[in-house]
Amino acid sequence: MTDSNTRFLIVDDFSTMRRIVRNLLKELGFVNVDEAEDGQVALEKLSSDDFQFVISDWNMPNVDGLQLLIAIRASPQLKHIPVLMITAEPKREHIIAAAQAGASGYIVKPFTATTLRDKLSKIFANMSAKAAA
Amino acid sequence: MRILEWSKGAGDMGRTARFDESGDSDELQALFDSFAASPPRPRLELVSEPVSTDDPNDRPEQVPAVERGRGGVGWAGSGSARPRVDHGTQSASGLEAGVAWNEQAAGTPAELLCGLGQLLRQVYDSLDALGGECLRGNSAAAGPTEVRRPVRTLQMAQLAATRLIHATEAARPIQVAVGRHAAELGARWERLFASRMGVSEFEQLARDTRGFLGSLAEQSKATEEQLTEIMLAQYVQDSALPVIKRLSDMAHHVEAELARVVVAITPGERLPDGIASQSADAEGDRTASLGHGQIDDLLKGLSF
Numbered sequence: 002m003t004d005s006n007t008r009f010l011i012v013d014d015f016s017t018m019r020r021i022v023r024n025l026l027k028e029l030g031f032v033n034v035d036e037a038e039d040g041q042v043a044l045e046k047l048s049s050d051d052f053q054f055v056i057s058d059w060n061m062p063n064v065d066g067l068q069l070l071i072a073i074r075a076s077p078q079l080k081h082i083p084v085l086m087i088t089a090e091p092k093r094e095h096i097i098a099a100a101q102a103g104a105s106g107y108i109v110k111p112f113t114a115t116t117l118r119d120k121l122s123k124i125f126a127n128m129s130a131k132a133a134a
Numbered sequence: 459m460r461i462l463e464w465s466k467g468a469g470d471m472g473r474t475a476r477f478d479e480s481g482d483s484d485e486l487q488a489l490f491d492s493f494a495a496s497p498p499r500p501r502l503e504l505v506s507e508p509v510s511t512d513d514p515n516d517r518p519e520q521v522p523a524v525e526r527g528r529g530g531v532g533w534a535g536s537g538s539a540r541p542r543v544d545h546g547t548q549s550a551s552g553l554e555a556g557v558a559w560n561e562q563a564a565g566t567p568a569e570l571l572c573g574l575g576q577l578l579r580q581v582y583d584s585l586d587a588l589g590g591e592c593l594r595g596n597s598a599a600a601g602p603t604e605v606r607r608p609v610r611t612l613q614m615a616q617l618a619a620t621r622l623i624h625a626t627e628a629a630r631p632i633q634v635a636v637g638r639h640a641a642e643l644g645a646r647w648e649r650l651f652a653s654r655m656g657v658s659e660f661e662q663l664a665r666d667t668r669g670f671l672g673s674l675a676e677q678s679k680a681t682e683e684q685l686t687e688i689m690l691a692q693y694v695q696d697s698a699l700p701v702i703k704r705l706s707d708m709a710h711h712v713e714a715e716l717a718r719v720v721v722a723i724t725p726g727e728r729l730p731d732g733i734a735s736q737s738a739d740a741e742g743d744r745t746a747s748l749g750h751g752q753i754d755d756l757l758k759g760l761s762f
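Going down the list, the sequences are from chains A and B. Each residue of the first sequence is one higher than the last, beginning at 2 in the working numbering. Each residue of the second sequence is one higher than the last, beginning at 459 in the working numbering.
Derived from the structure by calculation, the hints contain no laboratory data. All C-beta atoms, glycine included, are put in the ideal place defined by N, C-alpha and C. Please note: incorrect hints may appear among the correct ones.
To be verified - In silico DMTMM-like links for lysine to aspartate or glutamate, alpha-carbon gap of 20 Å or less:
#, chain 1, residue 1, chain 2, residue 2
1, A, Lys27, A, Asp119
2, A, Lys46, A, Glu94
3, A, Lys123, B, Asp491
4, A, Lys80, A, Glu45
5, A, Lys27, B, Glu682
6, B, Lys703, B, Glu713
7, A, Lys131, A, Asp119
8, A, Lys80, B, Asp491
9, B, Lys703, B, Asp583
10, A, Lys92, B, Asp491
11, B, Lys703, B, Asp586
12, A, Lys80, A, Asp35
13, A, Lys123, B, Asp484
14, A, Lys27, B, Glu676
15, A, Lys123, B, Glu485
16, A, Lys92, B, Glu485
17, A, Lys92, B, Asp484
What the hints assert, rightly or not - Reference listing, derived: stretches of chain A covered by chain B, where coverage requires no fewer than 3 residues with Cβ under 8 Å from a Cβ of chain B:
#, region
18, 17 to 27
19, 103 to 117
Said to hold, decoys possible - Only part of the chain A face toward chain B is listed, based on derived beta-carbon distances under 7 Å:
#, residue
20, Pro91
21, Ile96
22, Ile97
23, Ala100
Using the sequences plus the hints, can you model the full thing?
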C-alpha cells in the first residue's frame, strides 16, 4: 500500500537519468517529484522543502550519493527519509557500503519501471513493518 | 489521497532478463538486507588530512558533516575539505596538471625511468578518475579494476545500442499491426456508411471493432515499454561519451609525453629536420608544438 502523493527527490548529475527516473515514477503513479543535480543541491532542497523519499545516484560531483546518504542519516530532521541508492555496478562492496551507511535499498543501472517498482515496494513494505512494530 | 496497490503480474515483460542484465541478483539483495538489518553507523565529522596540494584528485576521501543552522542541514565541507570529484565528465585536466616530463634533466636511465614512472602515474590516475563510483583503498584489486571499469562502461554502451535496436524492432510490428487493423476496420465502416453492408456483416464489424478497441490498451502498453527501453539505452550511451572523451584526451597526452621522452633522450643531430630546428625556437621544449603528424615523422626519422 503506497501513497501516490509521496514527494520524491531525484538526485543525479545526468539530466537524462533524472528524466528517466521521473518518467518511471510517473509510470508508477508518482507525479510529485523534484530533482537535484548533486548531493550538495539535494541537501539544500531537503533542508528547505519537505520530501518523503530520496532516489540518489552514487557517483556525482561535489557531494556524492554515499556522502549525501550519510548526511541524511546524521541529520535529526532528515534521518527518517528513505533513500534508494542507484549504482552503476552490482559490486558486493558497493551494496555493503550502502547498507551500512543506512540506505533503504539499492538499484542497479540500467533498470526498468518494474524493477524500480519492486525496489520501492520493498522499501514501503519495510517502512510499514517498522511502523507497525 | 489515492492509494496504489502493486501486484506482480504476467504483464511484466522481460523482467527477469533485464534484471539479470543489470547485474543485480537475489543474492545481492540478500546481502544488502543482511547488512541493512544492522543499525547504520554514520560518520559525523569531516576527517581531513593535511592537504599539501591544490589538486583535488590528490585529496583524501572525506565524509560530510551535517551543518545545522536555522533548522536546515547542508554540506559543511569547504574548500580543501571537499570530496574529490571523480567523474568521467571531467576533462583531461588531471593529466595536464600532472608532473610533466623534464626533458632538460633527462638523459640517464634513472631519469628516463623517472619520466616513464610519472607518465604511468598520470595514466593510472586518469583511469582511476574514469572509474566513477569505486571504493577506495582496495589496493589489491585496484590495478585491473581501474582498467576494467571504463571497458565495462563501453561494453554497456555497446549492449545499449543492441537493446535500442531490439526495442525498435519489437515496437514497430505492434504499431504496424495496429495501423493495418485500424485501416481495415475503417474501410468496413465506410462501406456501412455507404449503405453497402448487411445486418449480419454489421454485427460482425461491431464485434471486430470492439475486439480491436479492447486490444489497443495492451498494445499501447507494450509499445510504451519499448519506448522506456529506448530511453534507458540512451542514458547508457550518454554516460559512455565522457569516458570516450577522457580516454581520447588521455591517449593524446600520453602520445605527447612519450614523444617528449623520445626527443629528450635523442641527440639533436639525429632528430628529423623540422623537429631538430624547433629546439632553437622553443626554449628547450622541442615537443611543445609537436602535432600528430610530426610525431609520425619523428618515429619514422628514428626508424621506429
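Inset, instruction - Please write out, lowest number first, the hints stated earlier that are contradicted by the structure. - result: Those not satisfied come down to hint 2.
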